[in-house]
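Asks: Line by line, the protein sequences give chains A and B. Position 36, counted from 1, in the first sequence is what my numbering calls 36; the numbers after and before it change by one each time, with no gaps. Position 294, counted from 1, in the second sequence is what my numbering calls 428; the numbers after and before it change by one each time, with no gaps.
Don't take every hint at face value.
Said to hold, decoys possible - The calculated lysine-lysine pairs, modelled on DSS-like cross-linking and capped at a C-alpha distance of 27 Å, are:
1. B:Lys545 - A:Lys90
2. B:Lys139 - B:Lys150
3. A:Lys121 - B:Lys561
4. A:Lys40 - B:Lys273
5. A:Lys54 - B:Lys258
6. B:Lys383 - A:Lys54
7. B:Lys150 - A:Lys120
8. A:Lys40 - B:Lys139
9. B:Lys321 - A:Lys54
10. A:Lys85 - B:Lys258
11. A:Lys2 - B:Lys542
12. A:Lys48 - B:Lys382
13. B:Lys383 - A:Lys90
14. B:Lys383 - A:Lys87
15. A:Lys120 - B:Lys174
16. B:Lys382 - B:Lys358
17. A:Lys80 - B:Lys171
18. B:Lys242 - B:Lys216
19. A:Lys121 - B:Lys391
20. B:Lys387 - A:Lys99
21. B:Lys404 - A:Lys4
22. A:Lys47 - B:Lys257
23. B:Lys391 - A:Lys99
24. B:Lys278 - A:Lys85
25. B:Lys273 - A:Lys99
26. B:Lys556 - A:Lys4
27. B:Lys391 - A:Lys54
28. A:Lys120 - B:Lys545
29. A:Lys4 - B:Lys150
As the list claims (entries may be wrong) - Residues from chain A that face chain B, not an exhaustive set, calculated with beta carbons under 10 Å:
30. Val41
31. Glu57
32. Trp126
As the list claims (entries may be wrong) - Computed footprint of chain A on chain B, listed as stretches where at least three residues anywhere in the stretch have a Cβ under 8 Å from a Cβ of chain A:
33. 201–211
34. 325–335
35. 375–386
Simulated from the structure, these hints should not be mistaken for lab results. The beta carbon of each residue, even a glycine, is placed where N, CA and C say it ideally should be.
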Amino acid sequence: MKYKYLEHTADIKFRAYGKTLEEAFENSALAMFNSMFNGKVKETVTKKICVEGKDPEALLYAFLEEFLFLFDSEHFFLSKIKNLKIKNGKLTAEVVGDKASNYEIHIDIKAITYNEMFVKKIKDAWTCQVVLDV
Amino acid sequence: MTEIKKISENIYEIPKTGCMNVPGIVYASDKLIENIKKDKTLSQVSNVACLPGILKASIAVADAHQGYGFSIGGVAAFDMDKGIISPGGVGYDINCSVRLLKTNLTKKDILSNQTKVVEALFKKIPSGVGRGSIFQLTKDKLKKVLEGGAKYIVKEGFGVEEDYLHTEEEGCMKTADASKVSERAMKRGIGQLGTLGSGNHFLEVQFVEEVFDKKVAEVFGLKKDQVTIMVHCGSRGLGHQVASDYIKKMEDKYGFKDLPDRELINAPIKSELGKDYFAAMSAAANFAFANKQLITHWIREEMKTLFPKIKIDVVYDICHNIAKYEEHLVEGKKKLVCVHRKGATRSFGPGRKEIPEDYNKVGQPVIIPGSMGTSSYILVGTKKAEELTFGSTVHGAGRVMSRHEALKQRKGEDVKRELENKGIKVKSGSFKGLAEEAPESYKDIDEVIEVVHSLGISKKVVKLKPLTVIKG
Numbered sequence: 001m002k003y004k005y006l007e008h009t010a011d012i013k014f015r016a017y018g019k020t021l022e023e024a025f026e027n028s029a030l031a032m033f034n035s036m037f038n039g040k041v042k043e044t045v046t047k048k049i050c051v052e053g054k055d056p057e058a059l060l061y062a063f064l065e066e067f068l069f070l071f072d073s074e075h076f077f078l079s080k081i082k083n084l085k086i087k088n089g090k091l092t093a094e095v096v097g098d099k100a101s102n103y104e105i106h107i108d109i110k111a112i113t114y115n116e117m118f119v120k121k122i123k124d125a126w127t128c129q130v131v132l133d134v
Numbered sequence: 135m136t137e138i139k140k141i142s143e144n145i146y147e148i149p150k151t152g153c154m155n156v157p158g159i160v161y162a163s164d165k166l167i168e169n170i171k172k173d174k175t176l177s178q179v180s181n182v183a184c185l186p187g188i189l190k191a192s193i194a195v196a197d198a199h200q201g202y203g204f205s206i207g208g209v210a211a212f213d214m215d216k217g218i219i220s221p222g223g224v225g226y227d228i229n230c231s232v233r234l235l236k237t238n239l240t241k242k243d244i245l246s247n248q249t250k251v252v253e254a255l256f257k258k259i260p261s262g263v264g265r266g267s268i269f270q271l272t273k274d275k276l277k278k279v280l281e282g283g284a285k286y287i288v289k290e291g292f293g294v295e296e297d298y299l300h301t302e303e304e305g306c307m308k309t310a311d312a313s314k315v316s317e318r319a320m321k322r323g324i325g326q327l328g329t330l331g332s333g334n335h336f337l338e339v340q341f342v343e344e345v346f347d348k349k350v351a352e353v354f355g356l357k358k359d360q361v362t363i364m365v366h367c368g369s370r371g372l373g374h375q376v377a378s379d380y381i382k383k384m385e386d387k388y389g390f391k392d393l394p395d396r397e398l399i400n401a402p403i404k405s406e407l408g409k410d411y412f413a414a415m416s417a418a419a420n421f422a423f424a425n426k427q428l429i430t431h432w433i434r435e436e437m438k439t440l441f442p443k444i445k446i447d448v449v450y451d452i453c454h455n456i457a458k459y460e461e462h463l464v465e466g467k468k469k470l471v472c473v474h475r476k477g478a479t480r481s482f483g484p485g486r487k488e489i490p491e492d493y494n495k496v497g498q499p500v501i502i503p504g505s506m507g508t509s510s511y512i513l514v515g516t517k518k519a520e521e522l523t524f525g526s527t528v529h530g531a532g533r534v535m536s537r538h539e540a541l542k543q544r545k546g547e548d549v550k551r552e553l554e555n556k557g558i559k560v561k562s563g564s565f566k567g568l569a570e571e572a573p574e575s576y577k578d579i580d581e582v583i584e585v586v587h588s589l590g591i592s593k594k595v596v597k598l599k600p601l602t603v604i605k606g
């Protein structure tokens, strides 16, 4: 399982999993976009991103927030992530996607929150938990 | 579990324990408190009570539900010298707010044109996700919007003076400083001025179904069967980014190790960072005021093509995610304090200098939107609110069901049909969005209103019923 959605009264909450920290981060981004639109997204645009964070949660926050920025300022909608690397609190990746206006997106995510957020290894799986403000 | 005891009708107390500097007070009925107990609202109210410089009590009002850090429906006031300001106490959607317009039409004018009205407004006002604004802004003009709010938009030719005079803060927080808003936030907001957004944001054409207080209704210019228009939206991506930016800055400067919840990150009110956040928050608030002013202008243009003799005036425009410096009585003395209202509305009684002149004798209009397709209420602010809640009351019904659960239970097509059977025409970019906002996902608005009315922290004036709904 790449991710699952959990109950939350007003907002969107999910857990994303991965064999590696990188994979769990990647699945977190996919979980976020899937909550906005559930379907196939074309691969017409590629962008390079680079974000930093002082701890794993801050890095996850900055990583996901970068997508909200790209969404609002350039209408970028994610399809997949390539070459995601995390080293010394710095994340780099190539993100591939399409113009958001080509899809029926039903909810606008306002912000990433630190509410109940964690990044940790549970048994063999890296797990990221996130609550999105919608 | 957080301990809570009933101290009188509709008033519950969380006694001061552990790190709490003041008690927690929840204003709710026996029925509503049972819902509130189900999520993390009460522990969030106690956590806020632990913040430095908090005055009197950490307060939650009847529509409270779990937020992040601070609960939604939360009110917290802080001492200007010893207290803090927190982006989490304002919320990510800075100045998410509601504007009420009144018209010279009556219910039957709309009934014979319902579909035309909803189609025309839907076409004109960008709503939902990804529909950008038709209004092109340069960066220089955006800065003017951030510092001038609705007032600037009117001066640019999109409205009349009375519009911003009938807006909280007269449509412009003078404390705004555009230089405190990041490039990133401006990039997110520049294409979004004049858009509704999504989620619980909406534009409704309604009519006055019931008048509870004829005298006050007259002062607000409202009477039975009159058509009103309600707009609910906020500061869009710009405000969201301001919140995120300052959360990060405050974490970098102060750390979050000593906080019960990372979302409670804050800065002393009078610190550089505290002042910078307030200036940036004020700028985002102005963006939201300007946003609704532009939408108001477009509503006027569009409705005029359908009803050439229509006249549309602003009744009032209220903030429900904001921090303000206001004077309140604390231990018998008038004092300037920093009030955070997150999912709560200002509810000032008669005589306050902040209220427009024409409402000053009765108190400010308080606009409470219901959930999609249900009634909304106009209340009037009271002196009692100034005594109990730092001049605050509820902001809406408050969710009880998650979006996820709503999607499992409901289909957008069915929700639309049900509303149409009730005589309400709905238009939305997304059926899924309609399902998520289905009326049963929210608390019973009537119950919420009865609580604040009987407590006296705001009094019922009129009840509004929707005729057409555009869901963001």
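Asks: If a hint holds in the structure, say so; if it doesn't, say that too.
Replies: Hint check results:
1. B:Lys545 - A:Lys90: violated (42 Å)
2. B:Lys139 - B:Lys150: holds (12 Å)
3. A:Lys121 - B:Lys561: violated (45 Å)
4. A:Lys40 - B:Lys273: violated (35 Å)
5. A:Lys54 - B:Lys258: violated (45 Å)
6. B:Lys383 - A:Lys54: Holds, at about 12 Å.
7. B:Lys150 - A:Lys120: Violated: B:Lys150 and A:Lys120 sit about 34 Å apart, past 27 Å.
8. A:Lys40 - B:Lys139: violated (52 Å)
9. B:Lys321 - A:Lys54: Distance ~25 Å between B:Lys321 and A:Lys54 Cα, so the pair holds.
10. A:Lys85 - B:Lys258: violated (44 Å)
11. A:Lys2 - B:Lys542: This hinted pair holds, its Cα atoms lying about 20 Å apart.
12. A:Lys48 - B:Lys382: Measuring from Cα to Cα gives roughly 23 Å; hence the hint holds.
13. B:Lys383 - A:Lys90: OK: B:Lys383 and A:Lys90 at ~18 Å, within 27 Å.
14. B:Lys383 - A:Lys87: Roughly 22 Å separates the two Cα atoms, so the pair holds.
15. A:Lys120 - B:Lys174: OK: A:Lys120 and B:Lys174 at ~23 Å, within 27 Å.
16. B:Lys382 - B:Lys358: The given pair, whose Cα atoms are some 49 Å apart, is violated under the 27 Å limit.
17. A:Lys80 - B:Lys171: violated (40 Å)
18. B:Lys242 - B:Lys216: Given that 27 Å is the threshold and the Cα spacing comes to 56 Å, the pair is violated.
19. A:Lys121 - B:Lys391: Given pair A:Lys121, B:Lys391 holds - Cα atoms ~21 Å apart, limit 27 Å.
20. B:Lys387 - A:Lys99: violated (37 Å)
21. B:Lys404 - A:Lys4: violated (43 Å)
22. A:Lys47 - B:Lys257: With Cα atoms ~33 Å apart, A:Lys47 and B:Lys257 exceed 27 Å; violated.
23. B:Lys391 - A:Lys99: Not satisfied, since the Cα-Cα distance of roughly 40 Å exceeds 27 Å.
24. B:Lys278 - A:Lys85: Given that 27 Å is the threshold and the Cα spacing comes to 41 Å, the pair is violated.
25. B:Lys273 - A:Lys99: holds (23 Å)
26. B:Lys556 - A:Lys4: violated (36 Å)
27. B:Lys391 - A:Lys54: holds (13 Å)
28. A:Lys120 - B:Lys545: Violated - the C-alpha atoms of B:Lys545 and A:Lys120 are around 36 Å apart, more than 27 Å.
29. A:Lys4 - B:Lys150: violated (38 Å)
30. Val41: It is violated, given that the least Cβ distance between A:Val41 and chain B is near 13 Å, above 10 Å.
31. Glu57: Cβ of A:Glu57 sits 8 Å from chain B, so the hint holds.
32. Trp126: violated (20 Å)
33. 201–211: holds (count 4)
34. 325–335: holds (count 5)
35. 375–386: It holds: at least three residues are needed, and the segment 375–386 of chain B offers 7 whose Cβ sits within less than 8 Å of chain A.
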